[in-house]
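Undergrad: These protein sequence lines map, in sequence, to chains A and B.
Oh and the first sequence: position 65 is 70 in our numbering, straight run, nothing missing.
Oh and the second sequence: position 92 is 97 in our numbering, straight run, nothing missing.
Any given hint could be a false lead.
[To be verified] Simulated pairs of lysine-lysine, DSS-like, Cα-Cα distance not exceeding 27 Å:
#, chain 1, residue 1, chain 2, residue 2
1, A, K88, B, K74
2, A, K76, B, K103
3, B, K57, A, K75
4, B, K103, B, K57
5, A, K14, A, K75
6, B, K74, B, K8
7, B, K57, B, K74
8, A, K14, B, K103
9, A, K76, A, K19
10, B, K74, A, K62
11, A, K62, A, K88
12, A, K76, A, K62
13, A, K62, B, K103
14, A, K19, A, K88
15, A, K75, A, K62
16, B, K111, B, K74
17, A, K14, B, K57
18, B, K57, B, K115
19, B, K111, B, K57
20, A, K19, A, K62
21, B, K111, B, K8
Hints in this document: simulated from the structure, not taken from any laboratory.
The structure displayed is predicted, hence computed values, not measured ones.
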Amino acid sequence: DGGITQSPKYLFRKEGQNVTLSCEQNLNHDAMYWYRQDPGQGLRLIYYSQIVNDFQKGDIAEGYSVSREKKESFPLTVTSAQKNPTAFYLCASQGPRGAPEYGNQPQHFGDGTRLSIL
Amino acid sequence: DAKTTQPPSMDCAEGRAANLPCNHSTISGNEYVYWYRQIHSQGPQYIIHGLKNNETNEMASLIITEDRKSSTLILPHATLRDTAVYYCIVKSPYNFNKFYFGSGTKLNVKP
Chain A
6 DGGITQSPKY LFRKEGQNVT LSCEQNLNHD AMYWYRQDPG QGLRLIYYSQ IVNDFQKGDI
66 AEGYSVSREK KESFPLTVTS AQKNPTAFYL CASQGPRGAP EYGNQPQHFG DGTRLSIL
Chain B
6 DAKTTQPPSM DCAEGRAANL PCNHSTISGN EYVYWYRQIH SQGPQYIIHG LKNNETNEMA
66 SLIITEDRKS STLILPHATL RDTAVYYCIV KSPYNFNKFY FGSGTKLNVK P
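For reference, chain A alone in the conformation it holds in the complex (with noise of 0.2 Å):
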């Protein structure tokens, strides 16, 4: 089945560490996104891909890092600047490109990663 793949559903941070969340996608779509949505609270976008080798941040990507080295995956790093991680992560993904109306398809979620700090 296609679809995008969060892991882990769970992570735990310990103070000054560095920690990944793994996305990958087999829907052949080329933007992929990162949003946070903290308790009782819609999702804010943290960064976007809409090709391979290109990122952009959004609304609140300080304290985070992205790559977007293959079409299929878009990890995103929670690093120490970020000082309150704790929140619910979402990968979400876009496309094809090439694809009738692409601008006005949805995007697609994963089941998220529950980031808490120890």
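Let chain A serve as the given structure and place chain B on it in line with the hints.
TA: Chain B in isolation, oriented as in the chain A frame:
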């Protein structure tokens, strides 16, 4: 992108139609209306989207008013598994990074 307004919560009896409203009075001509839902501790699930015509799929129907200032998502026969937070989003196809999820409507389907 236009802002949306949704009621914070709604109740619906199991087996009845659930009608979830969304106000988007500042929507512009090229902006689409999208609906997603999020069941607790899962990622948002895409339901349906449309521009100005009413749309229907296997999950739901989307009714957009003629002036496009509001829309209604209809779940024709709600089940307990439809209990979730429903988000209405308005977005232009030219803004790839602008899916703004607000607080949504918590739909409680009751037996």
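Undergrad: For each hint, tell me whether it holds in the structure or not.
TA: Against the structure, the hints:
no.	hint	result
1	A/K88 x B/K74	violated (40 Å)
2	A/K76 x B/K103	holds (21 Å)
3	B/K57 x A/K75	violated (37 Å)
4	B/K103 x B/K57	holds (20 Å)
5	A/K14 x A/K75	holds (22 Å)
6	B/K74 x B/K8	holds (11 Å)
7	B/K57 x B/K74	holds (10 Å)
8	A/K14 x B/K103	holds (26 Å)
9	A/K76 x A/K19	violated (30 Å)
10	B/K74 x A/K62	violated (31 Å)
11	A/K62 x A/K88	holds (18 Å)
12	A/K76 x A/K62	holds (18 Å)
13	A/K62 x B/K103	holds (12 Å)
14	A/K19 x A/K88	holds (11 Å)
15	A/K75 x A/K62	holds (18 Å)
16	B/K111 x B/K74	holds (22 Å)
17	A/K14 x B/K57	violated (38 Å)
18	B/K57 x B/K115	violated (32 Å)
19	B/K111 x B/K57	holds (25 Å)
20	A/K19 x A/K62	holds (25 Å)
21	B/K111 x B/K8	holds (18 Å)
Comparing the model with each earlier hint shows violations of hints 1, 3, 9, 10, 17, 18; every other hint is respected.
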